[in-house]
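In order, the protein sequences belong to chains S and V. The opening residue of the first sequence carries number 69 in this note's numbering; numbering runs sequentially from there. The opening residue of the second sequence carries number 5 in this note's numbering; numbering runs sequentially from there.
Keep in mind the hints are simulated off the structure, nothing from the lab. Be a bit skeptical, because a hint or two may be false.
To be verified - Within a straight-line C-alpha distance of at most 30 angstroms, the following computed DSS-like cross-link-like pairs (lysine-lysine) qualify:
| # | chain 1 | residue 1 | chain 2 | residue 2 |
| --- | --- | --- | --- | --- |
| 1 | V | Lys100 | V | Lys279 |
| 2 | V | Lys202 | S | Lys271 |
| 3 | V | Lys303 | V | Lys329 |
| 4 | S | Lys252 | V | Lys279 |
| 5 | S | Lys165 | V | Lys279 |
| 6 | V | Lys202 | S | Lys306 |
| 7 | S | Lys165 | V | Lys105 |
| 8 | V | Lys279 | S | Lys306 |
| 9 | V | Lys329 | V | Lys318 |
| 10 | S | Lys306 | V | Lys329 |
| 11 | V | Lys215 | S | Lys522 |
| 12 | V | Lys100 | V | Lys202 |
| 13 | V | Lys215 | S | Lys271 |
| 14 | S | Lys493 | V | Lys71 |
| 15 | S | Lys252 | V | Lys263 |
| 16 | V | Lys298 | S | Lys252 |
| 17 | S | Lys449 | S | Lys555 |
| 18 | S | Lys252 | V | Lys123 |
| 19 | S | Lys252 | V | Lys318 |
| 20 | V | Lys263 | S | Lys306 |
| 21 | V | Lys71 | S | Lys135 |
| 22 | S | Lys422 | S | Lys100 |
| 23 | V | Lys71 | V | Lys215 |
| 24 | S | Lys252 | V | Lys329 |
| 25 | V | Lys333 | S | Lys306 |
| 26 | V | Lys329 | V | Lys215 |
| 27 | S | Lys126 | S | Lys271 |
| 28 | V | Lys97 | S | Lys135 |
| 29 | S | Lys615 | S | Lys454 |
| 30 | V | Lys105 | V | Lys329 |
| 31 | V | Lys263 | V | Lys303 |
Computed from a predicted structure; not experimentally measured.
What follows is the residue order along each chain.
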Amino acid sequence: MNTLHDRNSKADTATGTTPVREFLNRVPLTLKMVLITTLLGICLWAVMEYIQSARLKKIFYVQMFDKISEQSMEWRISLDQYIRFHHETAEIIVSQKAFSDYVNSRRWSSADEEVRYYAQPPAWLLRPSILRSLVRPRYATLLDADGRVREIYSRHDDRISASELLHPSALWLSKSREQSFVTKIDNLHYVITSEPLYDPHGKLQATVMLASPIDEEFLVSAIGILQPGYLMALVDHKEDPTVLISNNHSVLPPGTHIHDLGDRFLVTGQDTYNYGAAEYMINLVSLISRTEADKLTDSVISTGRYQRNIIAPAFILTFAAIMVYITRRISRLNKRMSDFSRQTLGMKTEELPKGDKLYLLEKRFERLKGEVAEAREIIKKQAEEKTVKESHERLLTVLNGLEAIVYVADMQTHELLFANNYTQKIFGDIEGRICWQTIQSGQSGPCDFCSNEKLLTPAGEPSGVYTWEFQNTFNGRWYYIQDRAIKWIDGRIVRMEIATDMTERKQSENQVKESLYEKEVLLKEIHHRVKNNMQVISSLLNIQSGKLKGRPEAEVFNESRNRITAMALVHEKLYSSDSLARIDLSDYIKSLVNSLFAFYGKSPRNISVTVHADSIFLGIDTAIPCGLIINELVSNSMKYAFPDDRNGEISIRMEDISSTARWDYELTVSDNGTGIPEDMDIRETASLGLQLVTNLTEHQLQGTVELLRNSGTEFRIHFIEPKYKNRA
Amino acid sequence: MAERSFIKAFKGLLPILRIAKITLICLVVPLLFASSVISGKNVRGPAFSGPDNLMEMPADWQERTVKHESADADLVVTLDGQMYHAWEPIIQKYAKENSLKIVVNNGTCGVAAGGLTQKSIDMGVFCCPPDRTDRLPGVRFHTLGIAAIALIIHPDNPHDNVTLEQARQLFGGAQRNWSGTTLKKETLVLPVGRLHCKLRPGHWRLLLDNKELFSPDLFEVGAMPDMIAKVAANPGAIGYETLWMMRYYEDRGRTRFLKINGYSPDDPANVVSLKYPLYRVYSYAVWEGRNLEKPHARKLGEYLMQQAEQLEAKYSFIPASALRKAGWKFRGNELTGEPE
C-alpha cells in the first residue's frame, strides 16, 4: 500500500507544483483572498477612475457644447435684436411730438453752420430712462431736410471723425432706412439706422440717424455680462476666423485665431445678424473654458470617487468576513473527511500542514479519492480470492467424486499437486511426489509419451484438450485419457489429467473387431462362391450353346450366359472391393462392356463406348438390376445398331439427380446406330431383353423407362435406389 | 279698415323693395369682393422693383474700378447663403475647367450688395429681387430662377393645408391658437420670422408686406438654422423657409411644410402658375460697361444660367426658362414681374 506521503507527492507532481505555488498554498485562504480582493479592487478602482473620468469628461463636453450652442443661439438672437432695436429706437425718437416740435422750432440757416454736439441727451432725443430700456446709441445725429448733419449726441462726449457719419451718402441713408444697417467705418463695424420726419404734405423735414460701433461695450449692452468661464466674440467670416471683438479682450484680444483656441475652449459659432442688411458677415462665437468644464466634471468625478472610496473598503471587509466564514466551514469539512478516512476506511491519516484551507481540502479530497479507490481494490481482490478459493474447493470436491484417475502435476517439475480419491486408492498418497515415479513404472525420467508439449500453444497458453488412449505401465489397465493445461489456484499453468478406465471396453472392441473380420472373410467367400457358381452356370450354358451352334436356340443360351456373367461380375466386384456392400459402378460397367465386346467380337476401334458414372456406388440390390439392364441395352446396340460392321458410338451415363429431381439416378444408354423401328413398343415387344429392361426398371427399381429416337436410340431410365431391407 | 289700407300700402311698396334689394345686392357684393381683394393686396408686398429705378452714386464712385481684396483672384463672387451650397461647387468646377482662380464668398444679399457697392467683387448672387439700393450704376441683374418658400410647422402639428388668408392671420396674430387640431387647445400659435432684406421686394413680403403687419408675438430669428430649430422645438410654431434649406438644416430639427390653398410648394408647376404664391428669386449681378465689365464674369454668368437648367431636384429650383414659358415678365435676363 502506498503511503499517504507518496500519494501526496504523486498528486503534487501531477498538478505541477512549483515552489511559488507551494508558497501560495501555505498562505492562508482568507489572507490570500483579502489580498486578491484588495488588489483587484484597487485595479478596478483605477480602471473605473480612468474610464469614468474620461467618459464623464466626454459627456460633459458634449453637454457643455450643446449648452453653449443653445446659449450661443440666445446670444445671437439678443445681439440681432439689439441691432434691430436701433431702428425701432430711431422710429420712437421721430414719432415723439417733442422731436417734431424741436425740428419745427429749428431753422438751420446755412450749410456751413457748425455741427452742434451734446454730451447729454438733447431735447429731440429720448429721455435717458427710455434710452436705457431701448438701446444706447453711441451717436445720434440729426440731419436737416437736405441730409446735412446739424446736431450730434455723443454718449462718450467725443467728436465724430468719420466723414461717412458726418456726411452720410444717399445710399447710406437709403440702406439705413427701415432697418439697422451694418457696415464698416475705419475698420470698425457700425450699426447705422435712420428715420425720416415728413411734414403733413410728405415733405422731408429732418432725419435722425443712430450709429453705434460694435465694440466690447456694444456686446455688453446687447447681451449683458457673461458668467465666469463663458466668453463671446464676434469673428470675421473666413476659413480661419479671427476675433474682431470679444467681451474679454484680455483673454480674447482682437486678431486671435479661433482655431488656436480649441485646446483651451469649447467653441461654437454661427453667423449673426443674417438679415441681408449687413455688408459684412460677422459670426458670433461662444466659448467656454475647458478648465471651467473640467472643474464641473471634477466635482462630479470627485463625488463618484468619494463613493468608491467608501464602497471599496466596505466591499473588501465584507468579502473578508465571508471568506473567514467559508474558511472555517472548509476546515470543519477537512476534519470530517480526515475522520472518515481514518475511521471508515481505516487509513492512516497524517496531519496536513497549515495553509490555504481550500488547497488543503483539495489535497484531502485527492487523498480520500485514492483511499476509496484503494479500499475498493482491496475489497474487490478479497472477493475475487474468495470466489476462486470456493470455486477451487468445489472443483476438488467434484474431482474427488469422479470414478476416474484425476491428478494435477506441475508441467516443469512433474510434481503431483493434486490426486483425487480414486487415484489415491490406486496409487496411494502420491500428492507432492513426481508423477512419472508414482503413476507409471519403469520410468527413469519424464515419460516419453508425456503429453505436456501437446497441451500448450507456442506462446505457452493452454491449447485445449488432448485425448488419447494408453495402457498404464503401472497396473497394465487401459485408460481413455483427457489431458489439458489449466491455471492452478496459485496461478501456475499445470497439467490436469482425467483418465477413465476403459480396459473392459477395450476388450469388447477387440472381440467385435475379430468377429467382424471373420464375417467379412465369410461374406467374401460367399460372393466368391456365388460368382464361381455363376461361372459354372455360364460355362454350362456356353457348352450348351456350343452344341446348338448355328441354331437360333444357341442365341438364347448366349444371352442367358451374358446375363449370368453380368450378375457374376457384380459378385466379383463385391468381394474384390474393400467394401462388401457397394460397388463402384463405373468400374463395373467398364468390366461388363469389355466382356460384351469380347462376346460379340466387336472391336473398340469400330464401336467406341463412353462410360460416365464416376463416384457412383450402388448396393447389390440396385447394382444387379442395373447391370442386367445395361447388359441388355448394350447387347442390343452391339447386335442391331451397327450392322455390317459399321462404326458407331455407345454412351452409358449414370448421374445422381437426387438434388434436382424426384429420382435418385438417371441412367442413359444411347447409341448413334440405326435406331429401333418407330412402330415398336418396348412394352409390347417380343424381345426378352427389352422386356427384362422394362420389368427390372419398373418392378425392381420402381422407376421409369423412356425410349428416345433422336439420332439413334436412347434409353433413359429414372429410378430410386431401394433401401436395404433386412431379409432376416 | 286700417288693416286693409296697410296691406294696400304695403303692396304698393313691394316693387320699391324689390328694386332696393337688387340694388343692394348689386352694390354690396362687388364692394365686399373688392374690399377683400384690396385688403389682400394691401398686405402683400411688392414682388419686384422697377429696373429703371437706379441708385444715384457720386461721380468719384462711378469712376472707380473693381478692386479685389485678393490680388491674385481672376474673379471674386459673393453668394447668398441660400445659394452657396448649391452653386459654389458649380462655380469651382467652372474655374477648374477654365483654369481660373475664382474666390467664392459665402454671404447674404447684403454682403453681395456691399461687395458691389465697394466694388470689391465681380459678381454678387442674391436670393431676393433687387431693391433700388442694389441697382447701382453699371450693375446688371440676371435672374437664374425661383424657389418656393414653404410655410413650415412642427411635425406634431396635424395641419396639412392653410389658405393664404389663414397664413397671413397666423403670422399677423389674428389667429392665436391652433383650434380644430389634435394639438392642445391652449397651444398658441408661435409665428417665427426672419425679416431679412426689408428693403428688397418679394420673399416674405409676398406674405406680409412689412414688419408692422406681423404679430407682436412674432419671434424673430437671425439665421436660417435658427428658424428650423425654433419651429422644430415648438409644437405651435409656424415659420417659413425654402424646401432646400429645410432639408439642409434637418439636423437642427424636423419640420414639415404646409400646402397653401391645397397646393404644395414641392410641385414646381404650382409655383410657376402662382397657385402656390410664395417664392424667392435668385439672381446674379455683374458689372457692365467700360472699365467694369469682365468677360470671365459674363461667361461665368452664362454658365450659371446653363447650369440652372439642370440643377439637382433636391434644390427645388425652378429655372428662368420655365418662367419665361409660363409668361413671367423679363427685362433682358432680369425677372421683373409675375404673369398677368
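To see whether the hints hold, each was checked on the structure:
Taking the CA atoms of lysine 100 of chain V and lysine 279 of chain V, the gap is near 41 angstroms; set against the 30 angstroms cutoff, the hint is violated. At roughly 23 angstroms between alpha-carbon atoms, lysine 202 of chain V and lysine 271 of chain S fall within 30 angstroms of each other, so this suggested pair holds. A hinted pair counts as satisfied when its Cα atoms are at most 30 angstroms apart, and lysine 303 of chain V with lysine 329 of chain V qualifies at roughly 24 angstroms. Proximity of lysine 252 of chain S to lysine 279 of chain V is assessed by CA-CA distance (about 42 angstroms); at most 30 angstroms being required, the pair is judged violated.
Taking the CA atoms of lysine 165 of chain S and lysine 279 of chain V, the gap is about 46 angstroms. The hint is violated against a cut of 30 angstroms. Distance restraint check for lysine 202 of chain V and lysine 306 of chain S: the Cα-Cα separation of roughly 26 angstroms lies within the 30 angstroms cut-off, and the hinted pair is therefore satisfied. For a cut-off of 30 angstroms, the pair hint linking lysine 165 of chain S to lysine 105 of chain V is broken: about 57 angstroms separates their Cα positions. The hinted pair formed by lysine 279 of chain V and lysine 306 of chain S fails the criterion: a straight-line CA distance of about 41 angstroms is larger than 30 angstroms.
For the given pair, lysine 329 of chain V sits about 22 angstroms from lysine 318 of chain V by alpha-carbon distance, which is consistent with the 30 angstroms threshold. Distance check on the hinted pair: lysine 306 of chain S and lysine 329 of chain V sit about 41 angstroms apart at the alpha-carbon level, beyond 30 angstroms; violated. For the suggested pair lysine 215 of chain V and lysine 522 of chain S, the alpha carbons sit about 133 angstroms apart, so the restraint of at most 30 angstroms is broken. Simply put, lysine 100 of chain V and lysine 202 of chain V have alpha-carbon atoms about 37 angstroms apart, too far for the 30 angstroms limit, and the pair is violated.
Taken as a hint, the lysine 215 of chain V and lysine 271 of chain S pair is honoured in the structure, with Cα atoms around 24 angstroms apart against an allowance of 30 angstroms. Of the supplied pair hints, the one linking lysine 493 of chain S and lysine 71 of chain V is violated, its CA atoms being roughly 151 angstroms apart against a limit of 30 angstroms. Taking the CA atoms of lysine 252 of chain S and lysine 263 of chain V, the gap is about 42 angstroms. The hint is violated against a cut of 30 angstroms. A threshold of 30 angstroms between alpha carbons decides the hint, and for lysine 298 of chain V with lysine 252 of chain S the separation of about 27 angstroms falls inside it, so the pair holds.
For the hint pairing lysine 449 of chain S with lysine 555 of chain S, the CA-to-CA distance comes to about 18 angstroms; that is within 30 angstroms, so the pair holds. Restraint check for lysine 252 of chain S and lysine 123 of chain V: satisfied, since their Cα atoms lie roughly 14 angstroms apart, inside the 30 angstroms limit. For the given pair, lysine 252 of chain S sits about 37 angstroms from lysine 318 of chain V by alpha-carbon distance, which is inconsistent with the 30 angstroms threshold. Under the criterion of a C-alpha separation no larger than 30 angstroms, the hint pairing lysine 263 of chain V with lysine 306 of chain S is inconsistent with the structure, at around 38 angstroms.
Only pairs whose Cα atoms come within 30 angstroms are accepted, and lysine 71 of chain V paired with lysine 135 of chain S is rejected, the gap being roughly 42 angstroms. Distance check on the hinted pair: lysine 422 of chain S and lysine 100 of chain S sit about 14 angstroms apart at the alpha-carbon level, within 30 angstroms; holds. Of the supplied pair hints, the one linking lysine 71 of chain V and lysine 215 of chain V is violated, its CA atoms being roughly 36 angstroms apart against a limit of 30 angstroms. For the suggested pair lysine 252 of chain S and lysine 329 of chain V, the alpha carbons sit about 43 angstroms apart, so the restraint of at most 30 angstroms is broken.
Only pairs whose Cα atoms come within 30 angstroms are accepted, and lysine 333 of chain V paired with lysine 306 of chain S is rejected, the gap being roughly 38 angstroms. With a C-alpha separation of about 34 angstroms, the suggested pairing of lysine 329 of chain V with lysine 215 of chain V is violated against the 30 angstroms cut-off. Only pairs whose Cα atoms come within 30 angstroms are accepted, and lysine 126 of chain S paired with lysine 271 of chain S is rejected, the gap being roughly 64 angstroms. Proposed proximity of lysine 97 of chain V and lysine 135 of chain S is contradicted: the alpha carbons are some 39 angstroms apart, above 30 angstroms.
Taking the CA atoms of lysine 615 of chain S and lysine 454 of chain S, the gap is near 99 angstroms; set against the 30 angstroms cutoff, the hint is violated. For the given pair, lysine 105 of chain V sits about 35 angstroms from lysine 329 of chain V by alpha-carbon distance, which is inconsistent with the 30 angstroms threshold. Between the alpha carbons of lysine 263 of chain V and lysine 303 of chain V the distance comes to roughly 39 angstroms, so the proposed pair goes past 30 angstroms and is violated.
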